[in-house]
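Mind assembling these two chains? They're in different frames, but the hints should get you there.
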Amino acid sequence: MPLVLARIDDRLIHGQVVEGWLRVIQAQRIVVANDRAAADPLQGGLMRLAVPDEVALDVLPVDAATARLKENPWGNERVMVLFGSVADLARAVEAGAPLPQVNLGGVHDGPGRTQATPHLSLTVEEKRAVASLLRRGIAVDTRSLPTADNVPVRTLFPDMETA
Amino acid sequence: MIGIVLVSHGGLGNELLSCAESVVGKQANVRVLGLGPSDSPDTFEGRVREALEAWSGPTGALVLSDMMGGTPCNVCLRLARDPKLHFELVTGMNLPMLITALANRHYMPLAQLAQKLVDDAARSAQRPLQKLRDHLPPA
Numbered sequence: 066m067p068l069v070l071a072r073i074d075d076r077l078i079h080g081q082v083v084e085g086w087l088r089v090i091q092a093q094r095i096v097v098a099n100d101r102a103a104a105d106p107l108q109g110g111l112m113r114l115a116v117p118d119e120v121a122l123d124v125l126p127v128d129a130a131t132a133r134l135k136e137n138p139w140g141n142e143r144v145m146v147l148f149g150s151v152a153d154l155a156r157a158v159e160a161g162a163p164l165p166q167v168n169l170g171g172v173h174d175g176p177g178r179t180q181a182t183p184h185l186s187l188t189v190e191e192k193r194a195v196a197s198l199l200r201r202g203i204a205v206d207t208r209s210l211p212t213a214d215n216v217p218v219r220t221l222f223p224d225m226e227t228a
Numbered sequence: 010m011i012g013i014v015l016v017s018h019g020g021l022g023n024e025l026l027s028c029a030e031s032v033v034g035k036q037a038n039v040r041v042l043g044l045g046p047s048d049s050p051d052t053f054e055g056r057v058r059e060a061l062e063a064w065s066g067p068t069g070a071l072v073l074s075d076m077m078g079g080t081p082c083n084v085c086l087r088l089a090r091d092p093k094l095h096f097e098l099v100t101g102m103n104l105p106m107l108i109t110a111l112a113n114r115h116y117m118p119l120a121q122l123a124q125k126l127v128d129d130a131a132r133s134a135q136r137p138l139q140k141l142r143d144h145l146p147p148a
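Protein chains in written order, with our numbering: chain A, 66 to 228; chain B, 10 to 148.
Derived from the structure by calculation, the hints contain no laboratory data.
A virtual CB, placed ideally from N, CA and C, is assigned to each residue, including glycine.
Mixed in with the good hints there might be a few duds.
[To be verified] Label-pair restraints from in silico Cβ distances: (1) M76/B with Q180/A: 36 to 44 Å; (2) R200/A with L138/B: 40 to 48 Å; (3) G20/B with R113/A: 30 to 38 Å; (4) S47/B with A152/A: 47 to 55 Å; (5) R76/A with G19/B: 45 to 53 Å; (6) P46/B with P165/A: 53 to 61 Å; (7) D105/A with S65/B: 48 to 56 Å; (8) K93/B with P106/A: 53 to 61 Å; (9) P106/A with S27/B: 31 to 39 Å; (10) P67/B with A152/A: 48 to 56 Å.
Excised from the complex, chain B in its bound form (with noise of 0.2 Å):
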């Protein structure tokens, strides 16, 4: 099974996988690190650090960030140079992509479930009543 990552500014991460969890259930091999007001890059480095380490065998890691461009998820660019870890890194993480992550992590290859997720991530963002508007009173 990939090892999951969520790496976000504050507590965006945990309260996203307490969300998933009420949908698919309780999840192992997940880690959640947030980046606190006071935290240096650097020492949220080191947390990121460890957190790979312990899946840095082939199967991997999966490290879902929340924003491109942000500290977590520059931190995670930094360490992507050490060839002793493992990982890919997919920015713009939200419910539906975690939920993904989780349900085909047993099977699919890392840089496969990845790219599943970028492909998919489009799809998360709609607008239903366009679709709808049939349905809908006139304005």
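Bound conformation, chain A alone (with noise of 0.2 Å):
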């Protein structure tokens, strides 16, 4: 499978995603990784309408996504994945998912968060998690859009190796 983004947005399938990503990187299947809309399923069916008819959508629990991304069922389609928070994704990798590198894309503001760009705020934790996952040797990406530029990350959050 030719994983071609894995992204963290908190909103998950929403305009950025489906009018800016999906078209540039061309993926076919959308992997939703979130726990809670895979337990809904008027939010799993809402994904499924926002997406187009020919772009495949699994919107699974985190754990099973990561399991998924372990066997690779995919063949040569085109996967984009999404989790909804750092702490998601970082379990994932945590588990083995195989993900070089991580698009950072929307973690939004909020009561105990650093806020760095209008799309980019993170908590302590989350910021001891992005620092982890740097060290692991997974690169890791700061645009919304594809179009965007990409600020290395130490530099949105210059406190972060020591958070």
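Here's what the structure looks like:
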């Protein structure tokens, strides 16, 4: 399987993903790795309506998606995997999901978060988790959209290593 | 690339472009013209004409207007009589329509793009709850 994008985005499937990324990376399948969405048929159904008919969609719990990523049953299909949080992706990596690079695409502001850009605000735990991804040799890209500048995550969160 | 002109009442066009750019990224070759409460049709026509003259070559311009029959649209209909201008006009602009226009204007000929926007428009107005009624709690 060419895993064309592994993205962290708390909005999961939305305009930036469908209109901004899908076309550019030409994904044929989207795997949403999210426990809450997988447990809610309504949310899963809404996602199906938002994705073009010709693109396959799986909405799976994080553990099931991780297992799927490891066994790689997709042949030559171009696959995009979406995680709803840094913690979920870190859990998948910890469990052996082979992700050579990660797009930190949307983690929006809230209490306890440091905002670096309109689309990226991280908690202390998330900064630690991202630093740990980098130490594992996983490249972290910070673009919300393919046309945006990829500002190094260490520049956005300079206190990351010491957080 | 086809130039795009958004004509609307008030600030609708600016806001629409800003929303579309948050989805598909910053865009070149887009002009936005809003009809203000004190603008006469003639003043507005002059501004639209100026925008269209910049894209009067063979590639042409695509004008999206907010409402069929509104002044921004009517002004464009008047301008259509000028053979020096080359544009297509599509009414009822909305966010998916603008995103589709931006995504396809690099390779699709003008008339084909305009027709696609009209053909796709019905799909932007849906009743998703009807399709999902099996998943919803009983009323």
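Evaluated hints:
1. M76/B with Q180/A: 36 to 44 Å: With Cβ atoms ~38 Å apart, the hint holds.
2. R200/A with L138/B: 40 to 48 Å: holds (46 Å)
3. G20/B with R113/A: 30 to 38 Å: At 34 Å between Cβs, range holds.
4. S47/B with A152/A: 47 to 55 Å: Since the Cβ atoms of S47/B and A152/A sit about 54 Å apart, the hinted range of 47 to 55 Å holds.
5. R76/A with G19/B: 45 to 53 Å: The hinted range 45 to 53 Å is violated for R76/A and G19/B, with Cβ atoms some 29 Å apart.
6. P46/B with P165/A: 53 to 61 Å: holds (56 Å)
7. D105/A with S65/B: 48 to 56 Å: At 52 Å between Cβs, range holds.
8. K93/B with P106/A: 53 to 61 Å: holds (57 Å)
9. P106/A with S27/B: 31 to 39 Å: holds (34 Å)
10. P67/B with A152/A: 48 to 56 Å: holds (54 Å)
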